[in-house]
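Asks: Next come the chains, spelled out residue by residue.
Number of protein chains: 2
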Amino acid sequence: MLKRLIHIDTSLDESLQSQIRNKLVEGILVGSFALGSRLPSSRKLAEQLGVARNTVVLVYQTLQDEGYIISKERSGIYVNEKIHQGWVNDNELHMAYQPKASDNQHRFKGTLQVTNDTACPADWQKYSYPFIDGKFDVSLYPVKEWRDANQQANVTREINQWSQLQGLGDDPMLIEQIRTKVIPRRGIQASSDEILITVGTQQALHLISQLFVDDTVTVAVEEPGYPEVRDLLQYSGANLLYQPVDDNGMQVNEQLDRCDIVYTTPSHQTPTSVTMSMTRRHELLDKAKAQDLLIIEDDFEFESNFLRQPHPALRSLDSGNRVVYISCLSKVLASGIQIGFIVADSGVISELKKLRKMTMRNPPLNNQRAVAYFLSLGYYDAFMLHLHKVFFERWLTLREALNTYLPNCIDTGPIQGGTAYWITGPPQLDGENLREKAAELGILIEPVKRYFAQSKHPENCFRMGITSIPNHRIRDGVSKLADLIHQLTEEHEEKLGNASGKLLNDEALRKCLPGARLECQMVYGVPCTIDLLPDGSMSGHTGGIGSEIDTGHWWIENGMYWRQWKLWSYGEVKGFYVIMDGDQMKWFDQNYSFVRQLDLKGYPATLDQ
Amino acid sequence: MLKRLIHIDTSLDESLQSQIRNKLVEGILVGSFALGSRLPSSRKLAEQLGVARNTVVLVYQTLQDEGYIISKERSGIYVNEKIHQGWVNDNELHMAYQPKASDNQHRFKGTLQVTNDTACPADWQKYSYPFIDGKFDVSLYPVKEWRDANQQANVTREINQWSQLQGLGDDPMLIEQIRTKVIPRRGIQASSDEILITVGTQQALHLISQLFVDDTVTVAVEEPGYPEVRDLLQYSGANLLYQPVDDNGMQVNEQLDRCDIVYTTPSHQTPTSVTMSMTRRHELLDKAKAQDLLIIEDDFEFESNFLRQPHPALRSLDSGNRVVYISCLSKVLASGIQIGFIVADSGVISELKKLRKMTMRNPPLNNQRAVAYFLSLGYYDAFMLHLHKVFFERWLTLREALNTYLPNCIDTGPIQGGTAYWITGPPQLDGENLREKAAELGILIEPVKRYFAQSKHPENCFRMGITSIPNHRIRDGVSKLADLIHQLTEEHEEKLGNASGKLLNDEALRKCLPGARLECQMVYGVPCTIDLLPDGSMSGHTGGIGSEIDTGHWWIENGMYWRQWKLWSYGEVKGFYVIMDGDQMKWFDQNYSFVRQLDLKGYPATLDQ
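These protein sequence lines map, in sequence, to chains A and B. For what it's worth, this note's numbering labels the leading residue of the first sequence as 23, then goes sequentially. For what it's worth, this note's numbering labels the leading residue of the second sequence as 23, then goes sequentially.
FYI, nobody ran anything at the bench for these hints, they're computed from the structure. Model, not experiment: these values are computed from the prediction. Backbone N, C-alpha and C fix where the C-beta goes; we use that ideal spot for every residue, glycine too. A portion of the hints provided could be inaccurate.
Chain B side only, calculated, beta carbon under 7 Å to chain A, not exhaustive [claimed, not checked]:
#1 R208
#2 Q225
#3 L407
#4 G574
#5 W576
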């Protein structure tokens with residue numbers, strides 16, 4: 023019988039001793055070994071299980087120390103009857119349980135209205151192409167380093183330190199690490215009483231709304247914007263004003279004169295990923311000064327400023343004291359461990375601390391100390407470097423794929439970082455339909471409806487995130503998605519057969535292409551210029567930040583223009599039919615589908631007849 | 023220079039490799055090694071530090087993997103210039119920092135009124151006799167077991183599981199463990215959708231008050247009672263009713279007809295440690311049914327039911343659905359890790375989950391999984407057994423010491439468990455003065471003022487807790503405290519010289535003591551009977567639950583009654599002067615101070631002349 027209960031698996035990492043101990047404990051707790059019953063001697067048990075006697079002796083010693091068994095001299099080893107000491111003596115416990123009727127609704131003081139979650143299936147990991155933001159890729163998690171930091175924090179000396187802090191405040195070691203290693207990244211300086219630790223940024227927002235918001239307060243939020251903040255502010259009774267977002271971030275206009283508080287996500291606007299420009303930042307701070315506004319700056323992700331040095335946080339630019347700053351250590355690390363923080367003046371921090379104590383005491387102190395070690399051992403800096411590298415790579419891969427497979431079809435806006443692209447598709451695209459059809463092909467994209475509170479959401483928009491998809495899947499996923507988009511909008515697309523303009527044959531192509539300069543727009547909003555040299559070589563360069571150049575070859579064959587770049591368009595050979603419509607050149611692929619439109623500079627009008 | 027920066031300490035547990043890695047990282051982060059600068063070759067560094075070259079090679083390999091250094095072929099090893107990639111480029115960061123003026127008070131929507139904390143000094147661990155409740159003794163912390171559980175939860179496979187749960191709910195593994203291993207101790211059954219994990223019991227209370235309380239709601243709380251709950255309920259706008267507490271727990275009377283919600287701590291009432299009797303429990307549930315009340319049952323400590331099997335929780339006794347149950351895994355474990363939970367019907371849990379999501383998303387998932395392992399590996403059961411043993415021992419030691427050193431002077435009430443004694447001292451005692459004077463002697467006791475909201479607190483009461491003081495310190499601490507109490511109330515105490523009644527000499531003692539039965543009251547409210555047998559032996563027994571007996575010897579010498587118990591009063595020889603006042607016998611010690619009063623059964627009236 024014992025052999026059946028204690029099945030030993032030598033293929034496991036777990037030691038024999040640990041396996042035997044755990045099975046015995048399980049047996050005692052579920053009642054396979056009755057309380058007070060006698061267990062076999064160590065010699066016998068060792069024989070039955072086919073293990074060294076010493077192994078069983080050590081297991082029995084552990085169980086005795088833990089209180090599970092009792093050794094009686096000259097009698098044997100028994101299951102401790104007191105293992106259930108302190109339990110209620112309730113014979114009815116083994117009756118089948120009938121859950122209680124849910125009949126307390128009439129006592130609820132209002133029901134919370136919350137925006138639906140992103141329609142991301144729980145089993146998203148089974149999809150081949152999860153272009154979703156926030157759901158994280160465990161391969162990015164710094165498992166080894168986190169384990170090490172965690173172990174450093176869980177020795178007796180450390181436990182003795184952090185356990186004493188309860189109710190008094192935050193771990194001073196973590197505050198110091200955040201003060202010196204995290205917020206300087208964003209240009210922010212603070213003294214230790216200007217920082218509060220929170221359970222993630224959501225608690226930070228909740229505490230701030232408890233302190234500053236009631237039904238006399240008007241708060242401006244971004245539109246489109248972060249739905250969880252809208253829900254929270256509305257729950258606190260706030261009147262909301264919706265501020266439009268443009269390519270420079272949240273707009274600053276006279277509507278702000280009517281509000282008391284502005285909530286904004288300047289680093290990478292949620293959900294558009296737009297970075298607020300320096301000019302706009304100063305306009306906002308000036309407005310706050312003129313109108314005596316408080317600004318809540320939510321800087322939830324700063325590991326993803328790719329194209330240039332990031333702009334300093336609003337809090338660091340503010341010469342007064344009008345910015346309450348919220349952030350976390352990183353989206354990847356925060357997921358699960360849930361350490362966020364607030365930077366504000368000491369008066370605000372001290373009042374928030376009282377609210378935090380009343381609503382939950384401290385954020386777990388074991389995690390505070392573990393994160394402090396993660397920072398102090400330099401793991402955080404190395405991790406941020408790594409994340410930046412990985413995310414940047416994915417971000418560029420996605421951009422390149424979008425540009426290759428969906429030129430002249432979508433628009434991502436001129437963004438410089440962030441972990442998701444906001445994509446505007448062809449005007450006829452039904453985003454919700456696309457999302458459903460894409461999911462059937464294993465491609466997950468994010469709908470955008472939830473980000474709009476007041477205005478109707480654009481039906482042809484969707485989001486694609488990079489935190490959860492490995493780099494090597496991106497191109498293939500976009501290629502498949504592009505096929506689907508073309509399929510869904512086919513009836514509205516130009517085809518070679520019905521396109522306006524004139525199809526060029528070999529001769530016409532030979533007349534106009536050598537020496538021509540072609541101009542077009544990348545999907546991410548920067549211009550691209552291509553020079554087709556008479557000798558069959560070509561060169562291209564894109565404008566904007568982080569501009570790129572490439573070279574390649576071109577030729578004319580079978581009524582088509584052919585080209586091959588070294589790097590661009592994956593270095594593939596590709597041929598296009600060319601139609602000229604005025605000075606607009608249109609390319610169609612071998613299936614006669616429209617691909618891209620370009621300006622042909624200096625197109626000789628005579629050819630156009 | 024390197025040797026100065028990288029000081030190796032061979033006496034540490036930390037490996038050489040780890041020491042060198044950490045010092046180099048620190049040097050890079052604080053700028054001792056400039057970004058882009060060249061580091062010595064592994065051969066040179068090994069020579070300088072006097073370590074094996076391979077050690078340095080491995081360190082350099084780690085740093086290269088982490089991104090701190092870059093190896094350039096045929097050139098050497100350099101500090102990675104990109105280590106500050108993503109940092110704001112801000113030259114002003116190195117200016118001396120001036121904290122922001124705290125001038126946002128005018129924006130606060132009310133200031134939170136909170137009851138002051140227990141007057142426990144932050145450096146309480148330096149006091150010899152910390153009789154305080156809740157501040158914990160690190161020696162009780164299951165360090166090894168917690169580390170093991172924590173490690174199990176922090177491997178890639180587990181991280182991948184718990185990280186995906188964010189926003190969706192709690193760790194199903196933890197819910198299942200609580201369902202099957204924790205709440206059955208209290209007689210409670212629940213399905214998995216009837217349990218919610220919280221950041222400690224304080225968050226549980228906050229979420230519940232958010233759902234059920236506003237300014238139209240009247241809540242009955244205990245008086246004296248838990249101040250943090252009063253603060254929270256008042257913050258939520260509740261009207262409070264104060265329910266008196268007696269030896270059976272919170273009183274149930276017609277005042278409850280005027281309330282909507284009752285908050286109670288039946289297991290061990292905060293702060294008196296009184297257990298609510300079964301009769302009272304049923305009265306309360308009947309009242310709740312008759313008046314349609316909701317009961318919030320705060321079962322914050324259940325590891326300390328010492329004298330009998332604990333009563334089932336109210337939730338388990340309730341045939342309807344009127345009890346929302348709150349608890350945590352244990353005060354000791356909760357401090358720091360902060361895992362609490364709520365049991366209620368699924369409709370309530372689902373609404374609380376929405377509130378929790380809005381106010382902080384999930385309690386940290388790494389801790390949820392680690393606690394789940396702590397439970398599933400049987401560490402929790404062993405730990406609770408151990409805690410029960412240790413606390414019970416301390417609890418008995420403190421009771422015995424109080425009974426020995428402060429008989430007929432204090433009263434602890436008839437309590438059966440809990441981790442603190444509520445002590446009523448002599449009527450003239452000034453508890454606050456006692457606390458201050460005791461602290462000067464290294465003795466910490468708790469004042470009780472903060473527990474009273476409406477009524478004036480009794481000046482002569484204080485609390486003594488056992489969670490933070492080792493067993494071997496208890497007797498000595500109480501002995502010193504008793505001396506202090508006698509000193510402070512001396513002028514009101516009877517002295518041998520001014521006592522009413524008649525001092526017995528040897529002859530009178532010999533006439534009345536042999537065969538006499540003495541009756542007195544223990545400080546914890548149970549009777550004690552002592553039989554002085556004519557042969558000089560004696561026997562004693564106490565009533566109440568867990569009654570005790572002892573035997574000893576007695577004799578008469580130098581006008582005093584002497585006795586020595588085997589176990590009681592620490593088996594010490596002690597002599598008393600005896601005064602008879604009617605049938606009341608009064609003992610005075612060698613300093614003529616009053617010690618104890620007893621009934622002498624069958625005292626021959628003829629002697630009293």
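Asks: Run every hint past the structure and note whether it holds.
Replies: A quick look at each hint next to the structure:
Because the smallest distance between the Cβ of R208(B) and any Cβ of chain A comes to about 6 Å, under 7 Å, the interface hint for this residue holds. At its closest, the beta carbon of Q225(B) sits 4 Å from a beta carbon of chain A; the interface hint therefore holds under the 7 Å criterion. A cut of 7 Å between beta carbons decides the hint on L407(B): the least distance to chain A is about 4 Å, and the hint holds. Contact between G574(B) and chain A, as hinted, is not supported at the beta carbon level, the nearest pair being about 30 Å apart and thus beyond 7 Å.
For W576(B), the interface hint is violated, since its Cβ never comes within 7 Å of a Cβ in chain A; the closest pair sits about 37 Å apart.
Of the numbered hints listed earlier, those contradicted by the structure are 4, 5.
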